[in-house]
Amino acid sequence: MAKMIDAQINGRKITVEEGTSILKAAQMVGMKIPALCYHPDLPAWAACGICVTKIEGSPKLVRACATPIGAGQNILTHDPDIVNVRREVVELILANHPDDCLYCPRNGNCELQRLAAEFGIREQPFEKNVRSLPLDDSTPSIILDPEKCILCGRCVKVCQGMQNVWALEFIGRGDGTRIAGAGDVLLNETPCIKCGQCSAHCPVGAIYEKDDTAKVWRALQDGKKHVVAQIAPAVRVALGEAFGLEPGTIVTGKIYAALRRLGIHAIFDTNFAADLTIMEEATEFVHRFTTEGSTLPLISSCCPSWVDYLEKYFGDMIPHFSTAKSPQMMMASMVKTYYAQKQGIEPEDIFSFSIMPCTSKKYEITRDEHMYSTGQQDLDVVITTREFARMIKQAGIDFLNLPDEEPDNPLGMYSGAGTIFGVTGGVMEAALRTAYHMVTGEELGKVEFEMVRGLEGIKSAEIDIKGTKVRVAVAHQMGNVEEIMKQIREAKATGKEIPYHFVEVMACRGGCIGGGGQPYGATDERRKKRIAGIYKDDSQQTVRCSHNNPYIQTLYADFLEKPGSHKAHELLHTKYVDRPLYQK
Amino acid sequence: MPVSTTEELKITDGLMEFVQEWKNKPGNLIMILHRTQQEYGFVPRKIAMDLAKVLDVPLAKIYGVITFYHFFKLEKPGKNQISVCMGTACYLKGAGDLIQEIENVIGIGVNQTTDDQEFSLESVRCVGCCGLAPVLTVNGEVYGKLKKDQIAEIVAKHRGA
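As they're listed, the protein sequences go chains A and B.
Those letters in the first sequence? Residues 649 to 1232, per our numbering, in order.
Those letters in the second sequence? Residues 30 to 190, per our numbering, in order.
By construction, these hints were calculated from the structure, which means they are not laboratory data.
Since the structure is predicted, the reported quantities are computational estimates derived from the model, not experimental observations.
Please note: incorrect hints may appear among the correct ones.
Pairs of lysine-lysine, DSSO-like flavour, derived with a Cα cap of 30 Å [stated by the list, open to error]: (1) A/LYS1140 with B/LYS82; (2) B/LYS39 with A/LYS960; (3) B/LYS82 with A/LYS1144; (4) A/LYS960 with B/LYS90; (5) B/LYS82 with A/LYS960; (6) B/LYS52 with A/LYS960; (7) B/LYS108 with A/LYS1232; (8) B/LYS105 with A/LYS1232; (9) B/LYS75 with B/LYS122; (10) B/LYS102 with A/LYS1134; (11) B/LYS102 with A/LYS960; (12) A/LYS1223 with B/LYS82; (13) A/LYS1134 with B/LYS54; (14) A/LYS1134 with A/LYS1117; (15) B/LYS102 with B/LYS186; (16) A/LYS1232 with B/LYS186; (17) B/LYS90 with A/LYS1134; (18) A/LYS651 with A/LYS1144; (19) A/LYS960 with B/LYS108; (20) A/LYS708 with A/LYS960; (21) A/LYS1232 with B/LYS82; (22) B/LYS186 with A/LYS776; (23) B/LYS90 with B/LYS75; (24) B/LYS52 with A/LYS672; (25) A/LYS1134 with B/LYS176; (26) B/LYS90 with A/LYS1232; (27) B/LYS75 with A/LYS1134; (28) A/LYS1107 with A/LYS672; (29) A/LYS1140 with A/LYS1114; (30) B/LYS39 with A/LYS863; (31) A/LYS960 with B/LYS75; (32) A/LYS708 with A/LYS672; (33) B/LYS105 with A/LYS1134; (34) A/LYS1094 with A/LYS1210; (35) B/LYS102 with A/LYS1140.
Okay, chain A solo, but in the shape it has when bound (with noise of 0.2 Å):
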């Protein structure tokens, strides 16, 4: 146990572990220190300077954020020559920054604005200095603007150490530092893989989705047009966040009513296609794992982003990767053939958009030929939960006293098996499942497997299928994910038994309920609320495995045959390609 000290935040007795950064004992008693670099995802690196407060007795100001508290030290935390050296440092800042708030992505929950706003900035005392840079907008998922940057650092803390992708850093020095695409290129010729954690994690306008909704309103307008939505699982705890509500709060029935208000035509489920995901992949699964000589582990493959990484970084592992799609693709295929064909409707005359806590999920729609499965592109738009919120709000929908409704059929019925896809584990979950009905012909008793749940960078667990053991691993936040493929890798060089038979990966700390894409602020506090309301939607579905949902059962009888049938492999199933890290 670690050893407890005690000091004094402003007179007041507190006992903390040794350690604890002035900050977060702060915190424990209720003070809080403004910060702009410091992030509870992130080491503290003492970069913005707002943090200062004072170790009574001491002339010096000290960094809160990266400054442990000593024992029998008072600190002070808000006097008024502290205030007045924090407001000084926002007034700094705010010298080499633009003043054009009303137009910035982030007007209204910008975290420098609020400093501003609370220290009462009236005037700027300092020459202003604003670098002229340009935008890189390369990507098909963020905008990196480097002239709204402060330099604080979160994003390439983030995108180097959480990530561990390196696609963003310093460039230069002194005034004239920056931040870049790494190598200095543009950001879709550097490593990146969209995930969109820096623009998660920007505490200003310096990185922000692009911004689609435009389209989506154009579709609607356009009359001619059979509009259909589909919003995967992890929006439906976190877009309530955006409306004043508990992160975790379920309201996937008021965005269904929010979907039809804004005159979608057909509200569809993410999370069906989530059920059909695992038929396809626990068949492909319980394949390799039953066939002599097959190749495993089998690796998933849902999250765009740890697609890309997988391409670039470890193209030796193409061979164990799901060829199963992601949901979000399925679901866009079946809309432009199953769908289309019932209704009557030509895919063309089909826009096909949906809500996503994620920015690669922008990328993956053209990502290869076989995202155009439909004859054309298979899916047309996607959204953020943050576009999301906006439109409904552009909209005028009194979006907390709407009343909770149902999905369309026949893609809008889900297990419970289906809506974990949204955390770190649910793939794993949702695919045992089924796979044990699979290699049984039994039903689970108890369909939980805890030993996959939860916030651990790694999880792993031995899984007992009557007699057969079967090994796995969960890693979320993707800069967890090089120990599992070191293993594997080690294992198939020294024809080692393989540590696993199947791995799930989410490139975005606890899955997608902490994607790119989610409303602003997200910490392991959110994110385990996040959690909580995922598992709550799934206990409360009445069906919780993918193959019971009968919906599915009905799109395999009527069209797709059977999981893995060779209409199943054209319209649900994709390639992969080793990539270059750079482009340039």
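Dock chain B against chain A, hints included.
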């Protein structure tokens, strides 16, 4: 003179030997980058990418370093390197005028290279002979107590030499 494109460049045997020697030592990156610049006159992108692979260091990190330190050049420099001292003494004695005059004579500004690859111009901090201010060096050869009308002569002396 044929200018080799960065695509054709490979890590030379000499550089590779140096890399192998330093690979596992702490602080190796900066040493290897110094050696790289010594080898090519600058840090070519292709070589930086090759080094990233050999050293298992992200290219992001390499560019973080080579753009942080002014010493490193990212573009192939001209045959003749003109360095104008902008240290305090030289600055006060009119080094800015020298740079302006060079721009007039060879048509390039600081950190640029002439199209014919003859000259590159850089401004440097103290060269260490303030008594001779203002000072510039061409390929290390020092010219002191300069007046701007001497620039054309110095350029002519080195052109094509």
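Any hints from earlier that this structure breaks? Give me their numbers in increasing order, please. Per hint list: 9, 10, 16, 18, 19, 20, 22, 24, 25, 30, 33 and 35 violated.
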